[in-house]
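Undergrad: Below, each chain spelled out in residue letters.
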Amino acid sequence: MEQSQKRFYETPGLELFELKPERVICQSGPMDGSPEYRGFNQEETW
Amino acid sequence: MWILIVMAVAVITSCGQEILDSGSDITETAPIVFNLTANHPDATKAVKTGWEAGDVIFVFFSGAAAPKHLKMHYDGSAWSSAEYNGSRQTEGALGLANGNVGTMRAVFLPFGSDATVSASGTDFVFSKTYYAYYLTATLDYTVSNGKVSGAFQMEIPDDYVQFFVEDADAQDEAYQLGCDAVIPTGVASISANGTITETSDKTAADDMLGYAYGSGDNKGYLFSGKLTTWKYGSNYYFAKTKTADGSRADYFVTGKTLSSHSAVKLPAASDVYALNGDTPNKGKWVPVGSGITVKLGKFSGEGGWEHFSDFGTWYTCNYGATAPEQYGTKSTFGYATSNATLPTKSQFETFINRCSIVPITVHGVYGKVFNAPSGFVFLPSYSQEQLSLIYWTSTIYENDNSDAYYLSITHGGSISFIITSSTAWACIRALVNQLY
Numbered sequence: 014m015e016q017s018q019k020r021f022y023e024t025p026g027l028e029l030f031e032l033k034p035e036r037v038i039c040q041s042g043p044m045d046g047s048p049e050y051r052g053f054n055q056e057e058t059w
Numbered sequence: 091m092w093i094l095i096v097m098a099v100a101v102i103t104s105c106g107q108e109i110l111d112s113g114s115d116i117t118e119t120a121p122i123v124f125n126l127t128a129n130h131p132d133a134t135k136a137v138k139t140g141w142e143a144g145d146v147i148f149v150f151f152s153g154a155a156a157p158k159h160l161k162m163h164y165d166g167s168a169w170s171s172a173e174y175n176g177s178r179q180t181e182g183a184l185g186l187a188n189g190n191v192g193t194m195r196a197v198f199l200p201f202g203s204d205a206t207v208s209a210s211g212t213d214f215v216f217s218k219t220y221y222a223y224y225l226t227a228t229l230d231y232t233v234s235n236g237k238v239s240g241a242f243q244m245e246i247p248d249d250y251v252q253f254f255v256e257d258a259d260a261q262d263e264a265y266q267l268g269c270d271a272v273i274p275t276g277v278a279s280i281s282a283n284g285t286i287t288e289t290s291d292k293t294a295a296d297d298m299l300g301y302a303y304g305s306g307d308n309k310g311y312l313f314s315g316k317l318t319t320w321k322y323g324s325n326y327y328f329a330k331t332k333t334a335d336g337s338r339a340d341y342f343v344t345g346k347t348l349s350s351h352s353a354v355k356l357p358a359a360s361d362v363y364a365l366n367g368d369t370p371n372k373g374k375w376v377p378v379g380s381g382i383t384v385k386l387g388k389f390s391g392e393g394g395w396e397h398f399s400d401f402g403t404w405y406t407c408n409y410g411a412t413a414p415e416q417y418g419t420k421s422t423f424g425y426a427t428s429n430a431t432l433p434t435k436s437q438f439e440t441f442i443n444r445c446s447i448v449p450i451t452v453h454g455v456y457g458k459v460f461n462a463p464s465g466f467v468f469l470p471s472y473s474q475e476q477l478s479l480i481y482w483t484s485t486i487y488e489n490d491n492s493d494a495y496y497l498s499i500t501h502g503g504s505i506s507f508i509i510t511s512s513t514a515w516a517c518i519r520a521l522v523n524q525l526y
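Chain order of the listed sequences is A and B.
The first sequence begins at 14 in the working numbering and counts up by one.
The second sequence begins at 91 in the working numbering and counts up by one.
FYI, nobody ran anything at the bench for these hints, they're computed from the structure.
Some hints could be false.
[Said to hold, decoys possible] Derived DEER-like restraints, expressed as beta-carbon distance ranges:
1) A:T58 / B:K388: 21 to 27 Å
2) B:T206 / A:E57: 21 to 27 Å
3) A:T58 / B:G381: 50 to 56 Å
4) A:E57 / B:S511: 49 to 55 Å
5) B:S473 / A:T58: 33 to 39 Å
6) A:T58 / B:G410: 34 to 40 Å
7) A:E57 / B:D230: 33 to 39 Å
8) A:E57 / B:N371: 51 to 57 Å
9) A:E57 / B:G410: 34 to 40 Å
Don't be surprised by glycine CBs; every beta carbon is placed ideally from N, CA and C.
So here's chain A without its partners, still in its complex pose:
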């Protein structure tokens, strides 16, 4: 098999999959309507 075709790798115990160059982001956090995530409050001067 030519080098250019070597995109597939065996991973014992894993299903065959292909590495993709682009990043896939899945938002698995809370959806819209979620509560405000707490940071510090507006800074006040004393």
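Chain A is fixed; fit chain B onto it per the hints.
TA: Then chain B, alone, in the frame of chain A:
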């Protein structure tokens, strides 16, 4: 040709079961790809908002034993993930496999991005304990098709507060800040299932360590810790100490409220009390220590017509003490009058009448702040709230000159003048001069 195609197809469809071999060893186990990002908490308007290049988030997996972990790095615009040993991710290094499920715990140490992680039994511990706030989040994970994805919604735990002091020369841990409403707290360890255990070795009497943050005009020290029960209402006393030499300046403020997630900007480090000739400069941080005095009084009028009423120049510490909350050296009346300028009973009375007197603790010591319109001093009372500490006046009792007046200060009670034998032992808070 036809035979070759068939063979090629056979290889492709069966290569899930066979090792591909070009003659050189290209076999490798594929890495799990971590597509993780993190959102900084909303509504953060305090110091250190948003992520910065160089920030690191440590990610701990319930399916990966200590010390294995993932580090997310922020490059200024996006997050990338790298295995804890910095090498390319390889399946097996974290012990995860396709189909695994579990929980991830993400931890961000604002001043500890260069920390390392080691195992303490089955717990994860950082190479250094930072007594400062942290951001954290959890997410369930599934290794699906060789990927783990998710977005952490990072939060600051409840009850953390922060204080910022501008200082162009800020360096990590060069200054400490004491405020008895706040306990210095940080991450002590993380358990195998991702539970964070915070430190518990500090009390409200301990100082927070300052960490340098910012640049240019906005450079300074960030101090943080967790609120504890506060009994003194809207009054707060801050003691700022330089680590290297113990030099200290204090700031007292009234009419303020600290609550969970408060972010407070205190006076700049350069805003320091000093005398311009005979008149105080209104500097907020009052230097305190052995032999250090402060002129108290009241400003009235405005601009060129401003007038300063002098309430007297008082020592910031008791005789023999090096900090305002120390009792110092107790003396009999005779020794006291020969070694310090004692206020008369009348001078004490005048001073007391001109100040608001506020019970508070400083480094855990009970006492009262004598708060003039301009300036303040702290006089300690006794180690129990309802008992008193006594201070000599220079006034002999008019009916028996073997007795003299002392001032009794009770934290949980009143201030009063009491007559006692001049052989009694009492503290001394000296007065340099009081004009009227």
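Undergrad: Taking the Cβ atom of E57 (chain A) and the Cβ atom of D230 (chain B), is their distance within the range 33 to 39 Å?
TA: Given range 33 to 39 Å: holds, Cβ gap about 37 Å.
Undergrad: Are E57 (chain A) and S511 (chain B) spaced within 49 to 55 Å by their CB atoms?
TA: 51 Å Cβ-Cβ, so the 49 to 55 Å window holds.
Undergrad: Cβ-Cβ distance between T206 (chain B) and E57 (chain A): within 21 to 27 Å?
TA: Violated, since T206 (chain B) and E57 (chain A) (Cβ atoms, about 36 Å apart) do not stay within the stated range.
Undergrad: Is the gap between the beta carbons of E57 (chain A) and G410 (chain B) within 34 to 40 Å?
TA: Given about 39 Å between the Cβ atoms, the range holds.
Undergrad: Does the Cβ distance between E57 (chain A) and N371 (chain B) fall inside 51 to 57 Å?
TA: violated, 24 Å
Undergrad: With 21 to 27 Å as the target window, see if T58 (chain A) and K388 (chain B) comply at their CB atoms.
TA: holds, 23 Å
Undergrad: Go ahead and decide if the range 33 to 39 Å is satisfied by the Cβ distance of S473 (chain B) to T58 (chain A).
TA: holds, 35 Å
Undergrad: Does the hinted range 50 to 56 Å hold for T58 (chain A) and G381 (chain B) at CB?
TA: violated, 32 Å
Undergrad: Do the beta carbons of T58 (chain A) and G410 (chain B) sit within 34 to 40 Å of each other?
TA: Given range 34 to 40 Å: holds, Cβ gap about 37 Å.
Consistency note: the structure conflicts with the earlier hints numbered 2, 3 and 8.
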